[in-house]
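Asks: Sequence:
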Amino acid sequence: MAAKVFEPIAARPAPAQSRGVVGWLRANLFADWRTSLSTVLIAALLLWYVPQLLHWGLFQAVWRPDADACRADGVGACWGVVAEKYRLILFGRYPFDEQWRPLVATLLMVAMLVASCTRYFWRPWLVLLWVGVLACFFTLMHGDVLGLTLVETDRWGGLPLTILLASLSIVMAFPLALLVALGRRSALPAIRTACTVYVELVRGVPLISVLFMASFMFPLFMPQGVTIDVLIRVLAGITLFAAAYLAEVIRGGLQAIPKGQVEAAATLGLSYWQTQRKIVLPQALAIVVPGIMNSFIAIFKDTSLVTIVSLYELTGSLGLALNSDADWRPYKIEGYLFIALIYFAFCFSMSRYSLWVERQANKGRQR
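Convert by adding 1150 to the 1-based position in the sequence shown; the result is the number in our numbering.
Listed next, with one range per pair, are the computed distances between beta-carbon atoms: (1) 1205 - 1295: 48 to 56 Å; (2) 1185 - 1339: 52 to 60 Å; (3) 1261 - 1440: 22 to 30 Å; (4) 1347 - 1257: 36 to 44 Å; (5) 1377 - 1480: 35 to 43 Å; (6) 1175 - 1303: 52 to 60 Å; (7) 1477 - 1192: 36 to 44 Å; (8) 1340 - 1369: 29 to 37 Å.
Because the hints were derived from the structure by calculation, they are not lab data.
For each residue, glycine too, the CB sits at the ideal point set by N, CA and C.
The task is simple: from the sequences and hints, build the whole structure.
Replies: Okay, structure coming up:
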(Lines of atoms letter the chains of each structure in order from A and count residues from 1; the text may use other names and numbers.)
(Lines give C-alpha, C1' and ligand atoms only; values in the text may rest on other atoms or scores of the structure.)
Protein backbone atom coordinates (compact mmCIF):
# COMPACT_ATOMS: atom_id res chain seq x y z
CA MET A 1 0.00 0.00 0.00
CA ALA A 2 1.39 3.36 -1.01
CA ALA A 3 2.08 5.72 1.84
CA LYS A 4 -0.20 8.75 2.01
CA VAL A 5 1.51 12.07 1.53
CA PHE A 6 0.49 14.86 3.87
CA GLU A 7 -1.00 17.77 1.97
CA PRO A 8 -1.59 20.89 4.08
CA ILE A 9 -4.84 22.77 3.63
CA ALA A 10 -4.42 26.15 2.01
CA ALA A 11 -4.57 29.05 4.42
CA ARG A 12 -7.93 30.79 4.52
CA PRO A 13 -8.13 34.57 4.28
CA ALA A 14 -8.32 36.45 7.55
CA PRO A 15 -11.87 37.28 8.69
CA ALA A 16 -13.11 40.71 7.81
CA GLN A 17 -12.88 43.30 10.51
CA SER A 18 -16.17 43.37 12.43
CA ARG A 19 -15.44 46.02 15.03
CA GLY A 20 -14.92 49.74 14.87
CA VAL A 21 -16.10 52.17 12.19
CA VAL A 22 -14.72 50.13 9.29
CA GLY A 23 -16.39 46.96 10.56
CA TRP A 24 -19.74 48.73 11.03
CA LEU A 25 -19.58 50.21 7.53
CA ARG A 26 -18.75 46.84 6.00
CA ALA A 27 -21.52 45.02 7.90
CA ASN A 28 -24.28 47.61 7.42
CA LEU A 29 -23.52 49.58 4.25
CA PHE A 30 -21.23 47.47 2.07
CA ALA A 31 -22.08 43.86 2.94
CA ASP A 32 -22.63 42.84 -0.72
CA TRP A 33 -22.99 44.45 -4.12
CA ARG A 34 -26.71 45.17 -3.68
CA THR A 35 -26.19 46.88 -0.35
CA SER A 36 -23.20 48.79 -1.72
CA LEU A 37 -25.21 49.97 -4.75
CA SER A 38 -28.08 51.12 -2.53
CA THR A 39 -25.64 52.95 -0.28
CA VAL A 40 -24.05 54.76 -3.21
CA LEU A 41 -27.42 55.79 -4.69
CA ILE A 42 -28.75 57.08 -1.38
CA ALA A 43 -25.50 58.96 -0.73
CA ALA A 44 -25.77 60.58 -4.16
CA LEU A 45 -29.35 61.71 -3.46
CA LEU A 46 -28.30 63.13 -0.11
CA LEU A 47 -25.39 65.00 -1.67
CA TRP A 48 -27.83 66.50 -4.16
CA TYR A 49 -30.69 67.45 -1.85
CA VAL A 50 -29.08 68.17 1.53
CA PRO A 51 -27.12 71.25 0.30
CA GLN A 52 -30.34 72.65 -1.19
CA LEU A 53 -32.20 72.00 2.06
CA LEU A 54 -29.46 73.67 4.08
CA HIS A 55 -29.46 76.58 1.67
CA TRP A 56 -33.22 77.02 2.10
CA GLY A 57 -33.47 76.31 5.83
CA LEU A 58 -30.31 77.95 7.18
CA PHE A 59 -28.12 80.02 4.90
CA GLN A 60 -30.86 81.98 3.09
CA ALA A 61 -33.45 81.87 5.88
CA VAL A 62 -34.98 84.93 7.50
CA TRP A 63 -34.87 84.63 11.28
CA ARG A 64 -36.24 87.97 12.46
CA PRO A 65 -40.03 88.45 12.83
CA ASP A 66 -40.36 90.67 9.77
CA ALA A 67 -42.97 89.66 7.18
CA ASP A 68 -41.73 92.29 4.71
CA ALA A 69 -38.21 90.83 4.84
CA CYS A 70 -39.59 87.35 4.22
CA ARG A 71 -41.51 88.54 1.17
CA ALA A 72 -38.55 90.51 -0.14
CA ASP A 73 -36.19 87.55 0.23
CA GLY A 74 -38.45 84.89 -1.24
CA VAL A 75 -35.67 82.28 -1.42
CA GLY A 76 -35.06 80.86 2.02
CA ALA A 77 -37.30 79.79 4.85
CA CYS A 78 -39.09 82.38 6.95
CA TRP A 79 -38.45 81.30 10.54
CA GLY A 80 -39.61 84.73 11.60
CA VAL A 81 -43.13 83.29 11.67
CA VAL A 82 -42.08 81.14 14.62
CA ALA A 83 -40.43 84.09 16.36
CA GLU A 84 -43.59 86.14 15.85
CA LYS A 85 -46.27 83.54 16.60
CA TYR A 86 -44.61 81.09 18.99
CA ARG A 87 -46.68 82.14 22.00
CA LEU A 88 -49.95 81.67 20.13
CA ILE A 89 -48.71 78.34 18.76
CA LEU A 90 -47.59 77.03 22.16
CA PHE A 91 -50.45 78.36 24.30
CA GLY A 92 -53.37 78.82 21.90
CA ARG A 93 -56.12 81.22 22.91
CA TYR A 94 -55.02 81.41 26.53
CA PRO A 95 -55.02 85.07 27.71
CA PHE A 96 -51.75 86.68 26.65
CA ASP A 97 -50.98 88.32 30.01
CA GLU A 98 -51.60 85.03 31.85
CA GLN A 99 -49.49 82.74 29.69
CA TRP A 100 -46.95 82.27 32.46
CA ARG A 101 -49.50 79.95 34.03
CA PRO A 102 -49.63 77.36 31.19
CA LEU A 103 -45.84 77.64 30.93
CA VAL A 104 -45.36 76.69 34.60
CA ALA A 105 -48.07 74.02 34.36
CA THR A 106 -46.40 72.46 31.31
CA LEU A 107 -42.99 72.43 32.96
CA LEU A 108 -44.50 70.74 36.02
CA MET A 109 -46.18 68.08 33.89
CA VAL A 110 -43.05 67.39 31.82
CA ALA A 111 -40.96 67.15 35.00
CA MET A 112 -43.51 64.71 36.42
CA LEU A 113 -43.34 62.57 33.29
CA VAL A 114 -39.55 62.49 33.43
CA ALA A 115 -39.67 61.58 37.13
CA SER A 116 -42.14 58.77 36.42
CA CYS A 117 -39.67 57.30 33.92
CA THR A 118 -36.83 57.31 36.48
CA ARG A 119 -36.29 54.22 38.61
CA TYR A 120 -35.62 56.24 41.78
CA PHE A 121 -39.20 57.55 41.78
CA TRP A 122 -40.83 54.12 41.41
CA ARG A 123 -42.24 54.27 44.93
CA PRO A 124 -45.77 54.15 46.35
CA TRP A 125 -45.67 57.91 46.95
CA LEU A 126 -45.36 58.50 43.21
CA VAL A 127 -49.16 58.27 42.99
CA LEU A 128 -49.51 61.03 45.57
CA LEU A 129 -46.97 63.09 43.68
CA TRP A 130 -49.05 62.69 40.51
CA VAL A 131 -52.17 63.83 42.36
CA GLY A 132 -50.35 66.91 43.62
CA VAL A 133 -48.93 67.82 40.20
CA LEU A 134 -52.32 67.37 38.50
CA ALA A 135 -53.94 69.54 41.17
CA CYS A 136 -51.33 72.24 40.55
CA PHE A 137 -51.79 71.89 36.78
CA PHE A 138 -55.56 72.38 36.87
CA THR A 139 -55.28 75.15 39.45
CA LEU A 140 -52.86 77.09 37.28
CA MET A 141 -54.75 76.49 34.06
CA HIS A 142 -58.29 77.03 35.32
CA GLY A 143 -57.69 79.64 38.00
CA ASP A 144 -60.57 81.18 39.97
CA VAL A 145 -58.60 80.45 43.18
CA LEU A 146 -55.61 81.99 44.95
CA GLY A 147 -56.19 85.26 43.12
CA LEU A 148 -55.88 83.70 39.66
CA THR A 149 -58.36 84.82 37.03
CA LEU A 150 -60.80 82.25 35.65
CA VAL A 151 -59.90 80.73 32.27
CA GLU A 152 -62.48 78.32 30.85
CA THR A 153 -61.30 75.04 29.37
CA ASP A 154 -62.40 76.02 25.86
CA ARG A 155 -59.59 78.61 25.90
CA TRP A 156 -56.91 76.08 26.82
CA GLY A 157 -54.75 75.08 23.92
CA GLY A 158 -51.34 74.50 22.46
CA LEU A 159 -48.69 72.33 24.05
CA PRO A 160 -50.25 72.22 27.57
CA LEU A 161 -53.46 70.76 26.17
CA THR A 162 -51.55 68.22 24.06
CA ILE A 163 -49.51 67.01 27.03
CA LEU A 164 -52.56 66.92 29.32
CA LEU A 165 -54.71 64.87 26.93
CA ALA A 166 -51.90 62.47 26.07
CA SER A 167 -50.74 61.93 29.66
CA LEU A 168 -54.15 61.44 31.25
CA SER A 169 -55.48 59.26 28.44
CA ILE A 170 -52.41 56.99 28.67
CA VAL A 171 -52.63 56.78 32.47
CA MET A 172 -56.34 55.92 32.38
CA ALA A 173 -56.31 53.72 29.28
CA PHE A 174 -53.59 51.33 30.44
CA PRO A 175 -55.38 49.79 33.46
CA LEU A 176 -58.63 49.64 31.49
CA ALA A 177 -56.85 47.90 28.63
CA LEU A 178 -55.31 45.45 31.11
CA LEU A 179 -58.73 44.47 32.44
CA VAL A 180 -60.23 44.20 28.95
CA ALA A 181 -57.36 41.99 27.77
CA LEU A 182 -57.85 39.69 30.75
CA GLY A 183 -61.60 39.77 30.15
CA ARG A 184 -61.19 38.62 26.55
CA ARG A 185 -59.41 35.51 27.84
CA SER A 186 -61.87 34.92 30.66
CA ALA A 187 -63.62 31.58 31.06
CA LEU A 188 -66.89 33.39 31.79
CA PRO A 189 -68.82 33.86 28.51
CA ALA A 190 -70.58 37.07 29.63
CA ILE A 191 -67.34 38.85 30.50
CA ARG A 192 -65.55 37.57 27.41
CA THR A 193 -68.41 38.62 25.12
CA ALA A 194 -68.71 42.09 26.67
CA CYS A 195 -64.99 42.77 26.30
CA THR A 196 -64.97 41.45 22.73
CA VAL A 197 -67.93 43.63 21.73
CA TYR A 198 -66.28 46.69 23.28
CA VAL A 199 -62.98 46.15 21.47
CA GLU A 200 -64.50 45.36 18.09
CA LEU A 201 -67.00 48.20 18.31
CA VAL A 202 -64.40 50.84 19.20
CA ARG A 203 -61.82 49.59 16.72
CA GLY A 204 -64.42 49.60 13.97
CA VAL A 205 -64.81 53.39 13.94
CA PRO A 206 -62.21 56.14 13.49
CA LEU A 207 -61.18 58.34 16.40
CA ILE A 208 -62.75 61.36 14.73
CA SER A 209 -66.16 59.68 15.01
CA VAL A 210 -65.58 58.92 18.69
CA LEU A 211 -64.60 62.53 19.39
CA PHE A 212 -67.57 63.83 17.43
CA MET A 213 -69.98 61.64 19.37
CA ALA A 214 -68.39 62.54 22.72
CA SER A 215 -68.52 66.25 21.98
CA PHE A 216 -71.81 66.74 20.13
CA MET A 217 -74.02 63.65 20.48
CA PHE A 218 -73.36 62.61 24.09
CA PRO A 219 -74.85 65.83 25.57
CA LEU A 220 -78.12 65.04 23.78
CA PHE A 221 -78.59 61.99 26.03
CA MET A 222 -77.91 63.88 29.26
CA PRO A 223 -80.79 65.00 31.53
CA GLN A 224 -82.07 68.52 31.17
CA GLY A 225 -79.72 71.02 32.78
CA VAL A 226 -76.84 68.56 33.21
CA THR A 227 -73.69 69.33 31.24
CA ILE A 228 -70.22 67.82 31.22
CA ASP A 229 -67.22 69.89 30.22
CA VAL A 230 -66.09 69.24 26.65
CA LEU A 231 -62.53 68.59 27.82
CA ILE A 232 -63.73 65.73 30.04
CA ARG A 233 -65.86 64.26 27.24
CA VAL A 234 -62.96 64.38 24.78
CA LEU A 235 -60.60 62.89 27.34
CA ALA A 236 -63.05 60.03 27.95
CA GLY A 237 -63.38 59.41 24.22
CA ILE A 238 -59.61 59.24 23.66
CA THR A 239 -59.20 56.99 26.70
CA LEU A 240 -61.83 54.48 25.56
CA PHE A 241 -60.44 54.47 22.03
CA ALA A 242 -56.84 53.98 23.16
CA ALA A 243 -57.80 51.27 25.66
CA ALA A 244 -59.33 49.12 22.92
CA TYR A 245 -56.10 49.09 20.90
CA LEU A 246 -53.91 48.64 23.98
CA ALA A 247 -56.04 45.70 25.07
CA GLU A 248 -55.27 43.83 21.87
CA VAL A 249 -51.55 44.50 22.27
CA ILE A 250 -51.61 43.16 25.83
CA ARG A 251 -53.73 40.18 24.79
CA GLY A 252 -51.02 39.26 22.32
CA GLY A 253 -48.53 39.14 25.17
CA LEU A 254 -50.89 37.03 27.29
CA GLN A 255 -51.26 34.48 24.50
CA ALA A 256 -47.48 34.14 24.29
CA ILE A 257 -47.25 32.76 27.84
CA PRO A 258 -47.19 28.92 27.86
CA LYS A 259 -50.29 27.37 29.38
CA GLY A 260 -48.09 25.14 31.49
CA GLN A 261 -47.05 28.08 33.65
CA VAL A 262 -50.66 28.81 34.55
CA GLU A 263 -51.24 25.14 35.35
CA ALA A 264 -48.11 25.06 37.50
CA ALA A 265 -49.34 28.13 39.40
CA ALA A 266 -52.69 26.43 40.02
CA THR A 267 -50.84 23.37 41.28
CA LEU A 268 -49.01 25.55 43.80
CA GLY A 269 -52.34 26.87 45.05
CA LEU A 270 -52.11 30.39 43.66
CA SER A 271 -55.37 32.18 43.01
CA TYR A 272 -56.30 33.64 39.62
CA TRP A 273 -55.20 37.17 40.49
CA GLN A 274 -52.01 35.95 42.17
CA THR A 275 -51.17 34.01 39.04
CA GLN A 276 -51.79 36.99 36.81
CA ARG A 277 -49.94 39.46 39.03
CA LYS A 278 -46.87 37.36 39.84
CA ILE A 279 -46.41 35.09 36.84
CA VAL A 280 -48.39 35.95 33.71
CA LEU A 281 -48.54 39.75 33.51
CA PRO A 282 -44.84 40.48 34.23
CA GLN A 283 -43.82 38.21 31.36
CA ALA A 284 -46.61 39.27 29.00
CA LEU A 285 -45.99 42.98 29.43
CA ALA A 286 -42.24 42.52 28.95
CA ILE A 287 -42.89 40.79 25.64
CA VAL A 288 -45.10 43.57 24.24
CA VAL A 289 -43.16 46.64 25.43
CA PRO A 290 -42.57 47.83 21.83
CA GLY A 291 -46.25 47.47 20.98
CA ILE A 292 -47.35 49.29 24.13
CA MET A 293 -44.99 52.18 23.47
CA ASN A 294 -46.15 52.29 19.86
CA SER A 295 -49.70 52.75 21.14
CA PHE A 296 -48.56 55.48 23.54
CA ILE A 297 -46.88 57.36 20.70
CA ALA A 298 -50.03 57.00 18.58
CA ILE A 299 -52.11 58.42 21.43
CA PHE A 300 -49.79 61.41 21.73
CA LYS A 301 -50.09 62.17 18.02
CA ASP A 302 -53.84 61.47 17.86
CA THR A 303 -54.48 64.39 20.22
CA SER A 304 -54.16 66.59 17.12
CA LEU A 305 -57.65 65.40 16.09
CA VAL A 306 -59.39 67.26 18.93
CA THR A 307 -59.33 70.36 16.72
CA ILE A 308 -62.58 69.14 15.13
CA VAL A 309 -64.36 69.70 18.46
CA SER A 310 -62.93 73.23 18.89
CA LEU A 311 -60.13 72.32 21.26
CA TYR A 312 -57.06 73.89 19.74
CA GLU A 313 -54.06 71.83 20.79
CA LEU A 314 -50.64 72.26 19.19
CA THR A 315 -51.72 71.70 15.58
CA GLY A 316 -54.95 73.64 15.99
CA SER A 317 -53.13 76.54 17.62
CA LEU A 318 -50.85 76.77 14.61
CA GLY A 319 -53.91 77.10 12.39
CA LEU A 320 -55.27 79.87 14.61
CA ALA A 321 -51.95 81.69 14.59
CA LEU A 322 -51.55 81.71 10.82
CA ASN A 323 -55.11 81.87 9.52
CA SER A 324 -55.87 84.95 11.57
CA ASP A 325 -52.96 86.95 10.10
CA ALA A 326 -52.71 87.37 6.34
CA ASP A 327 -49.09 88.57 6.56
CA TRP A 328 -47.87 85.26 7.94
CA ARG A 329 -50.33 82.92 6.26
CA PRO A 330 -48.01 81.97 3.34
CA TYR A 331 -45.44 80.49 5.74
CA LYS A 332 -47.33 77.46 6.98
CA ILE A 333 -44.51 75.09 6.03
CA GLU A 334 -42.16 76.70 8.54
CA GLY A 335 -44.87 76.59 11.21
CA TYR A 336 -45.62 72.92 10.61
CA LEU A 337 -41.91 72.10 10.67
CA PHE A 338 -41.71 73.81 14.06
CA ILE A 339 -44.49 71.74 15.61
CA ALA A 340 -43.17 68.63 13.82
CA LEU A 341 -39.91 69.18 15.70
CA ILE A 342 -41.85 69.31 18.98
CA TYR A 343 -43.73 66.10 18.17
CA PHE A 344 -40.49 64.42 17.11
CA ALA A 345 -38.73 65.40 20.34
CA PHE A 346 -41.46 63.83 22.48
CA CYS A 347 -41.98 60.74 20.31
CA PHE A 348 -38.25 60.06 19.92
CA SER A 349 -37.79 60.35 23.69
CA MET A 350 -40.61 57.85 24.23
CA SER A 351 -39.06 55.50 21.70
CA ARG A 352 -35.63 55.60 23.34
CA TYR A 353 -37.18 55.06 26.75
CA SER A 354 -39.03 52.06 25.35
CA LEU A 355 -35.71 50.52 24.29
CA TRP A 356 -34.33 51.02 27.80
CA VAL A 357 -37.42 49.42 29.39
CA GLU A 358 -37.18 46.51 26.96
CA ARG A 359 -33.55 45.89 27.87
CA GLN A 360 -34.34 46.02 31.58
CA ALA A 361 -37.32 43.70 31.23
CA ASN A 362 -35.39 41.13 29.21
CA LYS A 363 -32.27 40.98 31.35
CA GLY A 364 -33.26 37.55 32.62
CA ARG A 365 -33.15 36.16 29.07
CA GLN A 366 -29.79 37.66 28.17
CA ARG A 367 -26.68 35.50 28.28
